[in-house]
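Kindly generate the complete structure, drawing on both the sequences and the hints.
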Amino acid sequence: MRSHLLRHLPFAVVALIALGLRTHDLAHRPMHADEANQAVKVGELLETGRYAFDANDHHGPTLYYAALPLAWMRGQHSLAALDETTVRLVPAIAGTMGVLLLAAFAAPLGRWPAVAAAAFMAVAPPAVYYSRYFVQETLLVTFLLAALVCAQRWWRTGRIAWAIGAGVGGGLMLATKESAPLFAVAAVVALLAVRAHLPATRRVGRDILIAGGTTIAVALVFYSSFGTHFAGVRDTVAAVGHGWNRATGDSGHEKPWWYYLRLFTWQRSGGLVWEQLAFSTLALIGGVAVFFSERKLLRWAAVYLVVIVAVLSLTPYKTPWHAMQLVPMLSLLAAGAIAAMPVGWMAAVVGGIVLAAQGFQTNRVAFVYPADERNPYAYVHSSPDVRKFRALAETALARSPTQPVRIISEEYWPLPWYLRGLPRVGYWSAPPDDCDGALVIASVGQAGAVRAKLHGNYREALLGLRPGFVCSVFTPASP
Amino acid sequence: MKRSFCSLLVLLATAALVRAEDKVPLKLDLPKPLFAGTPRPISLPNLEPPLVGKRPDLMVPAGTVLLSRGKPVTSSDSLPVIGELAFITDGDKSGVDGTYVELGPMVQWVQIDLGAPAKLAAIVVWHFHSQARVYHAVIVQVSDDPTFKQNVRTLFNNDDDNSAKLGKGTDFAYIETNAGRVIDAKGATARYVRLYSNGNTSDELNHYCEVEVFGQLAK
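Protein sequence lines correspond, in order, to chains A and B. Each residue of the first sequence is one higher than the one before, starting from 1 at the first, in this note's numbering. Each residue of the second sequence is one higher than the one before, starting from 1 at the first, in this note's numbering.
Misleading hints may appear alongside valid ones.
As the list claims (entries may be wrong) - With the Cβ distance kept under 10 Å, some of the chain A side facing chain B (calculated, not the full set): (1) H32; (2) Q38; (3) P416; (4) S429.
The hints are simulated quantities; they were obtained by calculation from the structure and are not laboratory data. Please read all numbers here as calculations on a predicted model, not as lab measurements. Note that CB positions come from ideal geometry on N, CA and C, so glycine has one too.
This is the structure:
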């Protein structure tokens, strides 16, 4: 019993570190527009119990449904009551589970390499940053790892329960993001490339059919909003088209092919250096070493990673949260390099140095500069100023109980999150005929037109929505 | 009599209804926010209309010279993470990386010691101009006392919510441009110039590319 506990202690320590990094001071960073957008959807789901899949600019519903039990546990039953910590706990918990799932997936490498793989993922800057960020990417990675662990167990044991488990993981991936098939295809390509031994069962076809059926069933359950909105299932077809157009078309998020490689090597921005050189070098060594070893798992990870890096790099649409997809297999390869070291003390020293370097970067990325535009993961991030809008609106509504708060701007997220629960708040993308209100917030680009339509005296101040996007705030002058 | 009593009752009831109607809450049909995708990392037309023509000249006394070049600078943040305090008076106002100093979050100040009392004509400040941003609570003070406890005069203050706790200001906030902000010193005589700010519309940090103080050394 004691030896059993001791055997699992390193995994427990890594999991605790992962959880701590992912849950500490979750409300510290202002809400990104995407987080706010999705948190408002959670609020609507909380209040009405209804969710309808929207194929335009939105991903699958698992994120929203996963937030419900956390909100209930924290006594939050409306959008107004919901807070940043609640919604961000969803990816934080999923991210911690992902670390443990990677350890399970790496188990065939041995205990210490599995611990090392989990530890590398636990402290990786993109993994920590996006596990504190209310978007789908962390859930997608965790469901992928769950599917992989189940598939791996099925391959070795031939038990149908593992095939069903893999199907559930695949279904949750599909219900999380429309890009899920890419990772399934990459996994199959890698499997074919490494020429793995045959699975332990003779009923491969049957098991794969059952797993596939489970995947589709789980995805249908979510996209149909648990059988209450079957149009959502139809809209998933449109979502694939939207996703393809976004990935290949003029999305405004096009970047050079080396974008992801730079995130994992070195870059300098505004005097700050961001790097993962030690980690990437170790993973590269591990990637090269797989061709001199018989470890099929590591070979599979190397091929899978090459496929994913190639597809993501060649796709014009790039956002930094996709970097999260590279972390598990890079961690696995880095752990492979550690395992290949001839002496234990060398492995411990190298592993320690890499973890320390990654930990230093993670501290800056997630805690020191979490919303700074120089932070490569803080992508088009909201300014800290967004927190000031609510106090202004509350004061204005108290002073003018019948007048509205008007937000007139071509872009206004995350303001609907920060102004949640307040009465008489309206949003316009262009100035309406009547612009007057208890408080008028206009983008500087539209402030001139709004100013011309205002009656009476207003004081004017300037606040930021995000770097480079400034809002004029018109407050009626005291008589 | 009975009829007129009934009429009176009806009138009173109507009046009461009208008064009650007066207090019916105003029903507003306000548009809800539209759900949108990830904002694009591009420069939106969210800029102050560019100044048409040349900025009006600030008239200063003949013989006015630049007094601040190379003068020592101190700050509430004595160890900036990015840049050096000396950048503030080194003459390089290009604004590119390596030419500005970054001070920490919250209210921070920088102070220039002109070396001797001077009759000041103008102070020009460039915080950061490679992006449309506004610095909050910009306050410019002068004094003969390096601790700014005595004979402090405020030349500019746009701290409309008194976040710097130096008193509310009525000057306008402004968007940073490469033209800098020209502040009329109105002939104030002082040896020290101190500039405050409290973060900006992009982040919570405080930046300075350059500060130039113009005037004539006091006789």
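Query raised in the report: So which of the earlier hints does this model not fit?
Result: none
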